[in-house]
Amino acid sequence: MGLPRYVAARIVWAAVVSLVIVTITFVLMAAAPNPAIQEAATQAALEGGDPQEAVERERELRGLDEPLHVRYLDFLTGVYTLEWGWSEHRSQPVTEALSEGLYYTAQYSVPWTILTMLIGPLVGVYSAANMYSWKDHLATGFAFFGYAIPNFFFGIILLLLFGVWLDWIPVVYNTDVAVFSLENVRQLAIPVFVLVTGSIGAIMRVSRNESAEFRNADFMKTAKAKGVSPLRAYAYHVMRPTLVPLSTTLVGQLLAIFLGSSLLVEVVFGIPGLGRLTFDALVAQDTNLVLGSTLIFTFIAVIGNLLEDIVFTVLDPRISYDDR
Amino acid sequence: MSEHDRDPTPDAETETRNDEPLLEIEGLRTTFGTDSGTLVAVDGIDVTVRAGETVCLVGESGSGKTVAVESITRLVQSPPGRIEGTVRFKGQDLLSADEATIRSIRGHEIAHVFQNPQNALNHCYTVGWQLVEAIRVHEDVPEAAARARAIDLLDRVGIANASSRFDDYPHEFSGGQKQRIMIAMALVGDPDLLVADEPTTALDVTVQAQILDLFEELKTEFDMAVLFVTHDLGVVAEIADRIVVLYAGKVMERGTVLDIFERPGHPYTRALLECLPGRGNEISGIGGSLPEPTAPPDGCRFAPRCPHAIDACHRDGQPLETEIEPGHSVSCVFYREGRDSSVVSPEGPTGVSSDDADEEARSTDD
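Protein sequence lines correspond, in order, to chains H and R. Going from the first sequence to our numbering is simple: count from 1 and add 474. Going from the second sequence to our numbering is simple: count from 1 and add 1262.
Just chain R, with the same shape it has in the complex (with noise of 0.2 Å):
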């Protein structure tokens, strides 16, 4: 069914690879109505992912990155959810789309892999079961066929006897295998987004090292793009081509791998590496807590636990992005038009500082 939503032509598709986005994210809001207000768990992010590549969310627990990319296929509960924004997967947005059509796309052309993988399955059906209903589900296949092809990717994310354990039940299976029958039950539909939303989080450090791998091998196998949500930029390192970092709900800063871990440009990212070990920073950490959802700072996001922060950054929004090399943007004033970026420096300011960004950087603390 869905063969036909793809691009028309051979030519057409090699076309769309190099120019238009796979996944194109725009003014992203995802709101949640509580009783004590309106939660904004991300607040207009716009990002891009392009065919075969591997972009990380990167943030603390909290800012969002979750309910982002849970909002890409609408599988945020509504209500009490509400996205708003653009969504356009292969040009079609997927949030005006009907049920039926985002149903279609995901499992099988926008597939999830999820965080923990201990509750992830239904501990009542056999993981057999539960792989050949997410193939039936979107395709027309007999049972004998389905299981077949369950068993094939089962073996390819490294389930020893695949056939055999193709019967048992989730719970017979440790954690990393979870997450590789997970990955696997992602892989039905032959996706071409794949949506792993802090897959290594909850196993140990080892499995985490050798799941990492396999998305490493399965994305050029399927021939796949990855949006990778983590907080560990241990694993971002590893694994991203770009990087979009997340704080309460905003963008902070853009860029690619070299880019933001050779050139933060934002304090918050700044930060964030100097949690890094082998960084600095990583006893203190970063002073203070995420700022209450439902009554976000006026500001700049980040600006109350900022040592930066001067009386501009606590007003008119969070900063627009300014481009500060191609493809490399920070979402700060002290990169906006008339200011010394090199304020927010690790070296301390340099150069000639205007006036007015010196003077309020001394009233930073009130």
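Excised from the complex, chain H in its bound form (with noise of 0.2 Å):
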């Protein structure tokens, strides 16, 4: 009954939801040849020996002689317990070189989140606030700007002015430098300015949408007749019901731009995180980490919607929390 319940079945669902995707990914790789075994037979087969013998040697090595449900419920087992298996091309489990770039993602991700959360409804109300003001045309142009330009594209250029003309900031990443140093916070400063710009716009553009709406609401009239100012009004009055329909666009857009654009972005500033870990295992065909990569950001995708439907519901206290 009530909200527990509600945020209970909301978890469940989250979990069937990441074992229907782990099961469709476990049928795609069943189904798909396996290159090393390709690559065993060419190796017996340039060594003289027999292919066919390498290939069925090789497949029992690997466990892909035994019936398809025990070779699913070991696959079930070992990525929930979180044995994903080895990195060929980094030498090392793959769990390991994953929480490697999870560190670096991180360093720039958790700033640029933060920042998209405080900056785009803030904006996005106070434009509603001054609407077709300058103010207001200055907000939405920026916003159309970041939302327009590519992030990889807007990287370069920035990349171009303030690391190699002005020589303000160092153009190759430096792993050796401590996480909360000076030195740090300028590395990462264009990165994070890259992917804030592209994710501010659609977060600025809808709470100033949403906030237009509840800025001529009865309930304004109200609060001003009440004698409220305005700086309280749109503080409590408009901000607490635009973050409502806000909540799905923010979480949203930054998995959208978290998923794809921190690719562009790490490759582009040289940050070994979990983008670039991911472009390079696909460049090295190494199977286990790019099954990885796509599990940690699958489970990123299906906790942030959990998050999402969760943060939803606490902040409309009208949607009823009872039979679903």
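Derived from the structure by calculation, the hints contain no laboratory data. Hints are supplied without guarantee of correctness; some may be wrong.
In silico SDA-like links for lysine to any residue, alpha-carbon gap of 25 Å or less [said to hold, decoys possible]:
(1) H:K695 x R:L1520
(2) H:K695 x R:R1411
(3) H:K609 x R:E1361
Since this is a predicted model, take the numbers as computed values, not measurements.
Once you've looked at the hints, go ahead and assemble the two chains, each given alone in its own frame, into the complex.
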């Protein structure tokens, strides 16, 4: 009954969704030819051995001769116990490689997410409060600019400007710098700026248009008639209802950019994070590592959507938690 | 804070009560700049409200009632709105007062109750939170004290189990209950003037009667004056002390309840009263519709729809108000000097009518 039960139900659903995704991944993997087996066959043929025998041996070695359901259960156990295999390309366990990537990704993702969540709604509501003034037009122009310009291109331009011509920031990302140091802030400022510019546009637009609806609502007149100051009225009576539809956009935008653009930005700025790890693994045909990073992104998306659903219901008291 | 703004001595207060009106609106003109020109919603109206009395602003939809009362504490969005004239509340001009002053009066000395209770409360906060906000905006009281007072008020306006419903959200209340909550919210500052803008229009008839009764009780209990806006003459008859009839942003007639209901002077007031059930004209209504607010007619605003209109009605602006008996005045050319007001009476012209009035009465419908 009520909120706890609803949250529990959502969590169960998230688990089911992740299971479905893992299962589909398994089916695709099982249906695809395994490059390691092809390689073993080629190797045997080159060395004058029997390719067929080599294939048999390799299949046995990798457990591929087991029945499908046994392999499926093994795979499931592996996924959920975080035994994600060995990355041949990086010569380390996949989980270890991923956590190293995550370490660098988090350094720019955390400030980027926080800045987007703070600045986006604030500027959007401010824009609505000063609708059609030059401030609004400026914010709108910036929003469209950020939304329209490709992140990687913007990144290259800024890198050229500030890194090469002005020499304010290092061109090559230095992994030896301490996380909480001015030097790290300096080298991450531009990537964070590029990502914020890309994600903030949609959030500013949505919060501007949603709050435009609420700023003329009857309850705003009530607030005014109560003697509430305009600042307080916007902060409480407009911001709060705006956050309800905004939470959907917010999570969607952040996830989309996190999964897509972060790769490009990491490649441009040379940050050895999750995005570049995935990219390198794809190029090197390191199946285990590609699978691992795909699962990471999948779980982030599932958890993001779960949070969004919960935040949504907490923010809008009119949503009933029963019978769902 | 604002306690100091009140009259310094009790004697002065009693005196004020008798002589100086609580609220004095003079020449109030509220216009809106629109793409199709300046829209004149309220065009120079005078209304006075004395302490403790109930004044009703009556008129059909679009006559400027709401804009008029929302101009008092400058609730009208400006721009595009533009409020001119004077509004004196306890001797202080509200239209020239600075923002901080007007904010300390809003919700504290002058409280508002609006037409549509469904949307008047913010759906994201509990009613308790919103009541406490109304209290704490004006007074620096602890949360617990504000909460206790809010519960008392909810209880007073007839919300059952007030303390357990304090943390409920607006959508968990019915329309009538929401309006009761809005009334409770208006009472937090113990206001001297309650402005009620069609507070019963969105409610069904049985609830309407209960809310009106509540207004009557609270008016005495809290010793407030009430400025009541409505288009419902049945409601007016029940609660009003004095009535001001508005049409297209102008005052047509004013007087006591008896003046208006028993001896209506203006053709518009008469037509309006005839729309009441059992008064004859309920099917046909008043022919025509309100004039364009961006291009009001030259003379009397009602002239284009008036069955008695003569040439003089179509020029020289709205006629000056003529006091036909103490406290009862009419803005109609037929009550001006040298005209026969019996022309517009339901019985038809009696006595000696001046020649030109008769002649012009024939050339009405052009």
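For each hint, the structure was consulted:
Simply put, K695 (chain H) and L1520 (chain R) have alpha-carbon atoms about 35 Å apart, too far for the 25 Å limit, and the pair is violated. The suggested pairing of K695 (chain H) with R1411 (chain R) holds, with an alpha-carbon distance near 23 Å, which does not exceed 25 Å. For the suggested pair K609 (chain H) and E1361 (chain R), the alpha carbons sit about 23 Å apart, so the restraint of at most 25 Å is met.
When held up to the earlier numbered hints, the structure conflicts with hint 1 and nothing else.
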